[in-house]
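Each protein sequence line maps, in turn, to chains A and B.
With positions in the first sequence counted from 1, the corresponding number in our numbering is that position plus 112.
With positions in the second sequence counted from 1, the corresponding number in our numbering is that position plus 112.
In short, the hints are calculated from the structure, not lab data.
One or more of the hints may lead you astray.
Copies of the same chain look alike in the list, so a pair counts if it fits in one copy or across any two.
[Stated by the list, open to error] DSBU-like, lysine-lysine: derived pairs with alpha carbons at most 30 Å apart:
| hint | residue 1 | residue 2 |
| --- | --- | --- |
| 1 | K352 | K125 |
| 2 | K424 | K499 |
| 3 | K565 | K459 |
| 4 | K346 | K303 |
| 5 | K424 | K516 |
What follows is each chain in one-letter form.
Protein chains: 2
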Amino acid sequence: MLNLDTLNPNVLKAQYAVRGPIVELAQELEKQGREIWYFNIGNPQQLGQPPLTYVREILSLLNNPTVLEHSEKLLSMGYHQDSIETARNIMNENPVGLGAYSQSAGMPFIRQAVADFISQRDNISASADNIFLTDGASKGVDLVLSSIIMERVGIMIPIPQYPLYSADISLFGGTQVPYFLDENNGWELNKDMLEKAYTEAAATGVDVKLLVVINPNNPTGSVLSRRNIEMVLKFAKDHKLMILADEVYQENVYEEGDAFYSFASVADGLGIEIPIFSLHSTSKGYFGECGLRGGYIEMRNVPEEVRLELLKVRSIGLCSNTVGQIATYLMINPPKKGDPSFELYKKEKDKILASMKRKASIIANALDAIEGISCPTPRGAMYLFPKLDLPEIEDSPADFAFAKFLVEETGIVTVPGSGFGQLPGTWHLRMTFLPPEDKIPDLMTNFKQAYQKFIQKS
Amino acid sequence: MLNLDTLNPNVLKAQYAVRGPIVELAQELEKQGREIWYFNIGNPQQLGQPPLTYVREILSLLNNPTVLEHSEKLLSMGYHQDSIETARNIMNENPVGLGAYSQSAGMPFIRQAVADFISQRDNISASADNIFLTDGASKGVDLVLSSIIMERVGIMIPIPQYPLYSADISLFGGTQVPYFLDENNGWELNKDMLEKAYTEAAATGVDVKLLVVINPNNPTGSVLSRRNIEMVLKFAKDHKLMILADEVYQENVYEEGDAFYSFASVADGLGIEIPIFSLHSTSKGYFGECGLRGGYIEMRNVPEEVRLELLKVRSIGLCSNTVGQIATYLMINPPKKGDPSFELYKKEKDKILASMKRKASIIANALDAIEGISCPTPRGAMYLFPKLDLPEIEDSPADFAFAKFLVEETGIVTVPGSGFGQLPGTWHLRMTFLPPEDKIPDLMTNFKQAYQKFIQKS
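Next up, chain A with everything else stripped away, as it sits in the complex (with noise of 0.2 Å):
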């Protein structure tokens, strides 16, 4: 009655690396006692990141605003002035509290936010209308890509990808048509290979509708030039694409001179005027709220009609989490110079990116002079995409083979290459550089021993 057979054969199909094999033989050895690196996903709080104090404070006070009578008692334990102000300030904007039901696009004085946060970042036009909170930037990717996929449709993804992008295509029955993305430059987006990716999958009768890009990159690190975003544009808008502009890592660029352009505000500077969906989400940048699943979608360009229709979408499942959805307020709306919550704020976000910012090289570097392992510091995001040199193993891709070797020796998880795609015969791993500055050092002189024991066995 239920097996593989009468499964949708999408959902089959669809594969997720982020959370594969080489995960789940890593939560075995740690259930037999095994200590585990989790290098495999971009979620700092497991890794030891604190979340900000700010944010935390507000969130529990919302949680029972019946204490925000208790302001002495409140200001004794730790809590600052802004904090209670503005838990008090929210509740008024809201004053059935996180227990309801929001509107189905979330609460309208987020929306706001949101739309004011846009415009002032890029110095552009925004509306509330047009802003849908969602539980972390996942969800604005299956709204977008569950509604306009039919069949032939294609979507065009950057090689490597974030492997939802692959999953969703698959799951609604489209097709992938990827892109590589230019390792020799810095990883940047490459006119001739988006034209002939685009030009392979027309040839044979796909209807190529919009094109991802995930700016800052996941997983290679890159940061887009606003001269690159220009050329992106008008290639889409040249083949009447849209655009679905992956931007959760805006906040982490790390190189002085490196600047986040979002394609809203590019796009508005050329005067182009495709549809454009842009992402974020409170998981990333300093805010590493994972858990919380805050975030939203940005629609510009779209059609009335079309934006009632994704609405009604969101309706079905109600709204998104209500949590999430002042953590997003909190995310855009940080304490102001002057605040009480300021100057700890200031702290624990340049801390955090601090570290961030040297980790990348720390374990870039130890990575880079591994020999057979080339890996450029990434400038932006959370993660690293070291190139490696890898025998040839019977049976299985040879990076999947090492992520597993890996795991085993060392209790280091990654997430093989192949699981984001690599130009064939490269070989990659992706692995955030999250995990605690104390513990880097061991842990690369553990992944050289791997790796050269890997090398010598096979």
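With chain A fixed as given, assemble chain B onto it according to the hints.
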């Protein structure tokens, strides 16, 4: 590039009346300053039901666990000793806190607690592996239906039904196989009506795979007897159907002598081993924590290889929100007799349930007393489903026209029965009985006047 013609046509087909045009009209009127009464949706805290103190104390502590070291101050602010201890225990079980992604299926200690809850409730065995925590029960429905629906796959749904089911079937491209509930026999399931629906669908080549049952029922307020559930299970077994048991109202049973029986327990008693998916949620019962989006799906008699595929699909969305996960844990682990929180918890719970029972009866009686309307008192869930005599209206279903008139005249928002399905030639409305008790007499007077006015003018 993007318009209604280029969207997936399944999106256009999907309807979700609970948040449809009547609600939009109400929101518009509210913006203009009109007082609006949301009888359309089971959203208790929006209508003044307070959250349970125990739950919110613990959630607030877990959001800011640094305050756990200030026990004395917490106690002096009204926190209960056992809330503080439970929060500490949860931190021990899940030391990474709320900010980290959990395992895809949810935190292991909570899944074990759910398994223990089911075992104790039903005196049957249950396994944590078969439990996935979800963002409300809706996401469990999405998971099952999206995984088994393919072209020509039929899903049996009750008429009237909760429109999540019809919407999902449309979105995923399946076929609705509607079976009528027996209005003349307290809306129970009727074997002949089930057979008729199944046979007619099968005759047109539909591959009927799953039967949805909602018990206690939304929108009819019925509570199924063990005998009726046994009939349904035997019917399902005879026709090789899986069961999706929507049991989110299991705590909402109001009549002496009625009891909630889970499909899992009744199947166990009969020795029937068909796949059963059972849903529960933090949004309903006396909990009413809709905004937190907590819930779970339990699977029985599902082959391991299928369970792993469903787990993979869940993993693509990473995990459900952690606050909702904790809320689910607290729902199934209330304070025990003798705990400092126990008396208050019991008082709050009893007050909520007693008020629901009273309101169900007051509203039903008020409606039933209106000439042209019949409305039995609901025995369970949170809704009334009155049957109304209505004149024929040009260009509109009569119930839709009346619901529109009603909100314009009185601010009372209801959902037309046509959004849930009803026997042709009959008209109904779905209304919650959650609005504040002191407002109900006036609102019912307004309802009556609007109904009489509508009849006269038509």
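How do K565 and K459 come out at 30 Å by Cα distance, when the copy is not named: within, between, both, or neither? The answer is neither: 42 Å in one copy and 65 Å across copies each exceed 30 Å.
At most 30 Å between alpha carbons: which applies to K424 and K516, within, between, both or neither? Result: close only across copies, 19 Å inter versus 44 Å intra.
Within, between, both or neither, where K352 and K125 count as close if Cα-Cα is 30 Å or less: both (28 Å within a copy, 26 Å between copies)
From the Cα coordinates, with 30 Å as the cut-off, is the pair K424 and K499 best called within, between, both, or neither? Between copies only: 27 Å across, 44 Å inside.
Same-copy or cross-copy closeness of K346 to K303 [CA-CA at most 30 Å]: within (10 Å within a copy, 62 Å between copies)
In summary, the one numbered hint that this structure violates is 3.
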